[in-house]
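Enquirer: From first to last, the protein sequence lines stand for chains D and S. Going by the numbering used here, the letters in the first sequence line up with residues 29 to 140, in that order. Going by the numbering used here, the letters in the second sequence line up with residues 16 to 129, in that order.
None of these hints come from the bench; they were simulated from the model. Among the clues, some could well be false.
Each computed BS3-like pair below joins lysine-lysine, with the alpha-carbon atoms no more than 25 angstroms apart [what the hints assert, rightly or not]:
#, chain 1, residue 1, chain 2, residue 2
1, D, Lys70, D, Lys86
2, D, Lys127, S, Lys86
3, S, Lys24, D, Lys70
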Amino acid sequence: ILNVEQSPQSLHVQEGDSTNFTCSFPSSNFYALHWYRWETAKSPEALFVMTLNGDEKKKGRISATLNTKEGYSYLYIKGSQPEDSATYLCASTRYNTDKLIFGTGTRLQVFP
Amino acid sequence: NAGVTQTPKFQVLKTGQSMTLQCAQDMNHNSMYWYRQDPGMGLRLIYYSASEGTTDKGEVPNGYNVSRLNKREFSLRLESAAPSQTSVYFCASNFQGSNTGELFFGEGSRLTVL
Numbered sequence: 029i030l031n032v033e034q035s036p037q038s039l040h041v042q043e044g045d046s047t048n049f050t051c052s053f054p055s056s057n058f059y060a061l062h063w064y065r066w067e068t069a070k071s072p073e074a075l076f077v078m079t080l081n082g083d084e085k086k087k088g089r090i091s092a093t094l095n096t097k098e099g100y101s102y103l104y105i106k107g108s109q110p111e112d113s114a115t116y117l118c119a120s121t122r123y124n125t126d127k128l129i130f131g132t133g134t135r136l137q138v139f140p
Numbered sequence: 016n017a018g019v020t021q022t023p024k025f026q027v028l029k030t031g032q033s034m035t036l037q038c039a040q041d042m043n044h045n046s047m048y049w050y051r052q053d054p055g056m057g058l059r060l061i062y063y064s065a066s067e068g069t070t071d072k073g074e075v076p077n078g079y080n081v082s083r084l085n086k087r088e089f090s091l092r093l094e095s096a097a098p099s100q101t102s103v104y105f106c107a108s109n110f111q112g113s114n115t116g117e118l119f120f121g122e123g124s125r126l127t128v129l
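All chains should be modelled from the sequences, with the hints used to inform the complete structure.
Expert: Pasting the structure below:
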């Protein structure tokens, strides 16, 4: 079973601050890394799926990087807004398996 | 386009009762998953199905059975519910092998076992 870990567990920032979270995963037989945004009382929604070492993806003020050799990914939020408050989940999968294993998430709260 | 539909949304059971959670997707996805969400534990994989007719155990399969009835439907059964199975259950699907492979989730089913 994959062990996907995220840090920090929770984060409180002021509106306008930039922030970042870490996701670490086993690098052997790595296939894909997913990031999801999960608002309270809703279902998780995909932000990025990344597969290649050195990948960088961006969606508005949110971006992510991937290092498959050392087994980590960073998610960055530039100029945080209150509507960015959510739990951010990462998940990883390996070759020859469809098991997508999630970390426990980073809960972000952005205060006005 | 409904996406991923789960039923029921809420259910209260007594210890020892059985029930089935239903999940259907209309996106022609080949892979389907059942996760449970508990406070502080994130999403834990119970079972998944890579394609019609195949199922595999995830991280926490004990106490559950699944059926991939056809490409659209993937059900989760609790044969004898226990209080430890009180949780929110999410069904998800994706198209493995695509460039994205992102998961699409249902709205969740909140189960309480007394």
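Enquirer: Honestly, which of those hints from before does the structure not fit?
Expert: none
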